[in-house]
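2 protein chains.
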Amino acid sequence: MKKVGLKEIAEYVGVSIALVSYVLNGQAEIKQVSKVTADQIKKAAKQLNYRPNQIAKSLKMLKTHTIGLVVADINYRFSTGITRAIEAEAKNANYTVLFGSSNENEETFAELVNVLINRQVDGLILVPAENTQEQIKMLQKAEIPFVLIDRNFPEIKTNHITLDNRKAAYDATIHLVKQGHKRIAFFNYKTTFNHLHDRNRGYQDALKDSNIVFKPHWLKEINSVNRQAEMQQSLNNMLNGDEPCDAAFFATDTLAISGLKYLNKQKIQVPQQVSVLSFDESEAFELFYSPVTHLRQPLQKMGQAAVSTLFELINHNKINKQISFQSDLVIGQSCRE
Amino acid sequence: MKKVGLKEIAEYVGVSIALVSYVLNGQAEIKQVSKVTADQIKKAAKQLNYRPNQIAKSLKMLKTHTIGLVVADINYRFSTGITRAIEAEAKNANYTVLFGSSNENEETFAELVNVLINRQVDGLILVPAENTQEQIKMLQKAEIPFVLIDRNFPEIKTNHITLDNRKAAYDATIHLVKQGHKRIAFFNYKTTFNHLHDRNRGYQDALKDSNIVFKPHWLKEINSVNRQAEMQQSLNNMLNGDEPCDAAFFATDTLAISGLKYLNKQKIQVPQQVSVLSFDESEAFELFYSPVTHLRQPLQKMGQAAVSTLFELINHNKINKQISFQSDLVIGQSCRE
DNA sequence: GATATCACTTTAAACGATTAAACCAAATAT
DNA sequence: ATATTTGGTTTAATCGTTTAAAGTGATATC
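Heads up: the sequence lines are chains S and E, in that order.
Numbers 757 to 1093, taken from our numbering, label the letters of the first sequence in order.
Numbers 757 to 1093, taken from our numbering, label the letters of the second sequence in order.
Keep in mind that the hints are not guaranteed to be accurate.
No copy is singled out in the list; a pair is fine if it fits within one copy or between any two copies.
In silico DSSO-like links for lysine-lysine, alpha-carbon gap of 27 Å or less [said to hold, decoys possible]: (1) K971 / K763; (2) K819 / K1077; (3) K819 / K802; (4) K798 / K759; (5) K763 / K819.
FYI, nobody ran anything at the bench for these hints, they're computed from the structure.
These figures come from a predicted structure and were not determined experimentally.
Required output: the full structure, derived from the provided sequences and hints.
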């Protein structure tokens, strides 16, 4: 079976390539192609099993109908959720999503972005890795349409879709306080990410507003490269000081899972000995013996917003949107009453 | 910032497009381009921030250096694992992966395959959805290089990478028997998938070889559209008959999670009241109060095998490989001793 | 009978790259 | 003095589309 292009159809029917193109693009009417020829062409196309070469089409049209998506790590629940949402939304508009995972690595991120640009994606949706500000600035200079999601750099003015991280952390902390907790530990990554700092802020603001004096050692900043070990140590410190904390609030699902693993190993009962609350979702949260109370991000809405913002950007050019979404606090049984 | 192509560089330096192409493709030596011009060109390319248009390149070369991957559902642990492995392997060879998820839907699968072909991927790695035999045959007729992974259709001779599902189920069942279980229920999807049937076979063969007479009602076939409800009913039947089963063996991670959720809700103790064993992996398995004994698939090896098989196919054409991998039984604490 | 209009159809340039082949001037060989 | 080689460079076709513009033959208009 040889490749069949417009040329083959044209030869088969005995007309010019142009006519075939017109007909197969639904321009038969406007170009006044005779019904007879049009039908012949359509029939031939089906018979020969014609598949338009999108590569050639893209080259001519200067549009690929493709958007590039770079997530931070395909193993995050956030990534799969947002990918699903974005793919579905893109498909509606007849766009394809080219997808890559930076694994939180700066170079991989840059590389992926470059690969995608070279493939002439019409725009990008990015979950930037740490320290990728230069890449982002480069995109702006090159006038490539893109929108950030989940994370943003406050020093760079970009279109972005984020969670209202401060509010989420604030509300969750208040929830813990209302449950009677007085000493709440917060586990976050040691990071330069603004969105994670916002979570710290929300947590601390809530304590303040509840007239609880924040003790610096309640805020556990964990190095991601050594997560499990540091988590163990932090949890130990938290539980065994002379004023042990009575609740652990985790800034991400990955941190929570690390933490829960260790609590399990140590046979520490949740919520009897310690209450647990976490950002994000996880299959494991539901299945934990005390389903974990968590902050669910509206991934679908966020994905939709990212895609529609990107489309605006692609079509009408210059816009400036910073959209922030609220999370839901999903109550489980991991916080003592 | 306007787009810069070979033309712009050529004009800038004052040479022909051909020279620029030669130099930037590392053909300066063999085409005897003078050092001076070559350096000028390289410098200009960098200065103007030239990005080769892969679309144009692909059109000319009839190669896109892209492989298409269609997984069954991006939310499966299998999918993310295999995607990671495939992406890493492809990247080594300077290939990009175009990725899509069929959500186990026949039409979506066909659509995705078509989109990928139209984008002229050099080859496909597919986790076929149910009843997609015709699509697969079409690919063969069209002589498009592809390899199936995870699942295959025995009636169609294809290249495929699978798990030795019969053996895996067999070994796991034997494990349960050795732990003293006499009445082992097996939960599988009601499906036409061969790879899942193999799991049934392995389970039954193991019972036979252990001189346990298999009772048909031990084999629970669950309709995926109504999973949670059917799972509840099946588990109830299994636990509450006059001869209740003492072990539940799940054919997939998704089934196990459904099952565990219900066991949790009913406060049925694992493994005291019932032992649990499952195919696949899950964050939740580790975190369950009795970490779930499970059959881990060698995703990385499988991904590598898929990519390298595909590359052989793309390069040296006709080959015929059916590779089957062994799984590891990861012992947890969900099976009573 | 000449011209304009209409209904269809073809021609050919372009998109941005690759590359065989042709070209040209200077150096070397005969 | 003429031919050949060498080093360096350009020309032009090509990949599979799209589409403005031009072409064609028949019919309608004055």
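Between K819 and K1077, at a C-alpha cutoff of 27 Å, which is it: within one copy, between copies, both, or neither? Close inside one copy (23 Å), not across copies (38 Å); limit 27 Å.
Which holds for K798 with K759 at a C-alpha limit of 27 Å: within a copy, between copies, both or neither? Cα proximity of K798 and K759: one copy only (17 Å, versus 37 Å across).
Have a look at K819 and K802 and pick one of within, between, both or neither, based on CA distance no larger than 27 Å. Result: close both inside a copy and across copies, 25 Å intra and 25 Å inter.
My question is about K763 and K819: at a cut-off of 27 Å on alpha-carbon distance, are they close within one copy, between copies, both, or neither? both (22 Å within a copy, 20 Å between copies)
Give the relationship of K971 and K763 under a CA distance limit of 27 Å: within one copy only, between copies only, both, or neither. neither (75 Å within a copy, 63 Å between copies)
Going down the numbered hints, you'll see the structure goes against just number 1.
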